[in-house]
Amino acid sequence: MGQGPRNCFVLTCVALLKDELGEMVGMARLVTSSVLAALLAVAPVGFNGVIAPKSAQAQEMLRIAAVVNDDIISVYDVLQRTDFQIIIGMGQQVSDEARSRLFRLMLRQMIDERLMLQEIKRRGISVQDEEVKGYLTALEEANNRPKGSLLKDVETAGLSPDTLMEQIRARLGWEILNRQRVRVTRPISDDEIDQVVAEAKASQGQQEYLAADIFISFDSAGGEAGATRLVEEITRQLNGGQRFSAVAQQYSNSASATTGGDLGWVRTGQIDPVLLSALEAMQPGQVSPPVRTVSGLHMLLLREKRTATTSLTRDEARARLLNERIEAESRRALRDVRQAATIDIRL
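Counting in the UniProt record's numbering, the sequence shown runs from 1 upward without gaps.
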């Protein structure tokens with residue numbers, strides 16, 4: 001295949017990344033460099049997509065896509081994540097344009113994951129192997145895959161399992177960390193539980209919606225334009241037949257991503273009024289167009305609707321309050337680590 005389609009793909013990625021990653025300046029101390037674009041002029045690309053520069057020095061420079069504080073993300077790392085995403089979410093045949101879009105999205109996602117992993121390590125949080133295996137099993141179920149098939153497919157494609165495991169550990173560790181923070185800094189009082197139970201009792205007879213959500217925050221996507229492009233990619237995957245839960249697990253910035261975006265049964269007072277209005281206009285089985293809130297874009301799946309007839313237990317009320325606070329803490333904490341980080345983009 002020589003220097004044909006794959007070389008065009010890498011060059012396209014470089015051009016797009018130069019435009020888009022500049023949007024992250026307000027979130028971190030960002031340094032960009034044109035060294036990769038310059039070196040690509042003399043660096044052929046091999047069949048397997050690994051760039052083959054003409055000197056050892058060029059090879060070392062080309063290997064770095066970004067430095068996140070002291071951690072390096074290589075071009076190879078991003079290509080691995082891109083190919084993994086294609087395997088799990090898009091099928092084997094994708095256009096160069098789609099691959100290029102995915103490449104830049106994966107780099108942004110990997111930068112956030114490195115920040116999460118650094119903070120998790122600093123706080124002494126460990127994710128057990130059994131937790132990783134449980135998440136992996138849930139991911140396979142969401143994609144209608146036999147148990148163990150995902151890792152097998154990754155290895156068959158010549159990809160490193162570390163690509164998948166790092167992503168899972170970042171998500172799980174980040175959820176554990178923010179759950180601990182909330183329990184210490186924002187404990188739930190009996191009065192708050194009583195209020196939620198009373199509100200649920202007062203809402204009997206109202207419509208309830210069994211829904212799922214994919215949330216793309218403006219902060220995570222580098223601004224509203226970046227979030228819009230990511231939602232367009234998600235829409236393409238959903239229109240192509242991918243399951244909502246699988247796409248939510250891969251892309252959503254919400255704490256509900258670990259459960260495929262499931263929100264459970266929701267009603268007035270439990271979610272943003274803008275999202276509730278969208279659900280009210282939907283029929284079961286429908287996916288909403290992007291819904292804009294203050295912090296990002298949402299895509300909603302309405303599974304069922306019913307008239308509320310049951311009250312909320314205290315345990316259910318406590319769980320709901322806890323999840324809401326974990327969600328808010330996760331967004332705040334990620335915004336803080338971004339602002340404190342030194343992110344050096346080498347593309």
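Please note: incorrect hints may appear among the correct ones.
[To be verified] Below are the DMTMM-like pairs computed for lysine to aspartate or glutamate, each with C-alpha atoms no more than 25 Å apart in a straight line:
id: 1; residue 1: 121; residue 2: 141
id: 2; residue 1: 147; residue 2: 166
id: 3; residue 1: 121; residue 2: 153
id: 4; residue 1: 201; residue 2: 224
id: 5; residue 1: 305; residue 2: 329
id: 6; residue 1: 201; residue 2: 336
id: 7; residue 1: 152; residue 2: 162
id: 8; residue 1: 133; residue 2: 166
id: 9; residue 1: 121; residue 2: 315
id: 10; residue 1: 201; residue 2: 141
id: 11; residue 1: 201; residue 2: 316
id: 12; residue 1: 305; residue 2: 336
id: 13; residue 1: 133; residue 2: 96
id: 14; residue 1: 121; residue 2: 344
id: 15; residue 1: 201; residue 2: 131
id: 16; residue 1: 201; residue 2: 262
id: 17; residue 1: 152; residue 2: 131
id: 18; residue 1: 201; residue 2: 324
id: 19; residue 1: 121; residue 2: 329
id: 20; residue 1: 152; residue 2: 141
id: 21; residue 1: 201; residue 2: 190
id: 22; residue 1: 305; residue 2: 324
id: 23; residue 1: 201; residue 2: 191
id: 24; residue 1: 133; residue 2: 304
id: 25; residue 1: 133; residue 2: 153
id: 26; residue 1: 305; residue 2: 316
id: 27; residue 1: 147; residue 2: 162
id: 28; residue 1: 201; residue 2: 119
id: 29; residue 1: 147; residue 2: 130
id: 30; residue 1: 305; residue 2: 191
id: 31; residue 1: 121; residue 2: 191
id: 32; residue 1: 121; residue 2: 199
id: 33; residue 1: 121; residue 2: 162
id: 34; residue 1: 121; residue 2: 131
id: 35; residue 1: 147; residue 2: 262
id: 36; residue 1: 121; residue 2: 272
id: 37; residue 1: 152; residue 2: 130
id: 38; residue 1: 121; residue 2: 190
Honestly, the hints are just simulated from the structure, not real lab data. Only a predicted model underlies this, so the values are computations on that prediction, with no experimental measurement involved.
Status of each hint after checking the structure:
no., hint, in the structure
1, 121 / 141, "violated, 29 Å"
2, 147 / 166, "holds, 19 Å"
3, 121 / 153, "violated, 30 Å"
4, 201 / 224, "violated, 38 Å"
5, 305 / 329, "violated, 29 Å"
6, 201 / 336, "violated, 38 Å"
7, 152 / 162, "holds, 13 Å"
8, 133 / 166, "holds, 12 Å"
9, 121 / 315, "violated, 31 Å"
10, 201 / 141, "violated, 35 Å"
11, 201 / 316, "holds, 13 Å"
12, 305 / 336, "violated, 38 Å"
13, 133 / 96, "violated, 33 Å"
14, 121 / 344, "holds, 21 Å"
15, 201 / 131, "violated, 36 Å"
16, 201 / 262, "holds, 23 Å"
17, 152 / 131, "holds, 19 Å"
18, 201 / 324, "holds, 20 Å"
19, 121 / 329, "holds, 18 Å"
20, 152 / 141, "holds, 15 Å"
21, 201 / 190, "holds, 17 Å"
22, 305 / 324, "holds, 22 Å"
23, 201 / 191, "holds, 15 Å"
24, 133 / 304, "violated, 30 Å"
25, 133 / 153, "holds, 16 Å"
26, 305 / 316, "holds, 19 Å"
27, 147 / 162, "holds, 18 Å"
28, 201 / 119, "violated, 41 Å"
29, 147 / 130, "holds, 14 Å"
30, 305 / 191, "violated, 30 Å"
31, 121 / 191, "violated, 35 Å"
32, 121 / 199, "violated, 40 Å"
33, 121 / 162, "holds, 17 Å"
34, 121 / 131, "holds, 17 Å"
35, 147 / 262, "holds, 22 Å"
36, 121 / 272, "violated, 33 Å"
37, 152 / 130, "holds, 18 Å"
38, 121 / 190, "violated, 33 Å"
When each numbered hint is compared with the structure, violations occur for hints 1, 3, 4, 5, 6, 9, 10, 12, 13, 15, 24, 28, 30, 31, 32, 36 and 38.
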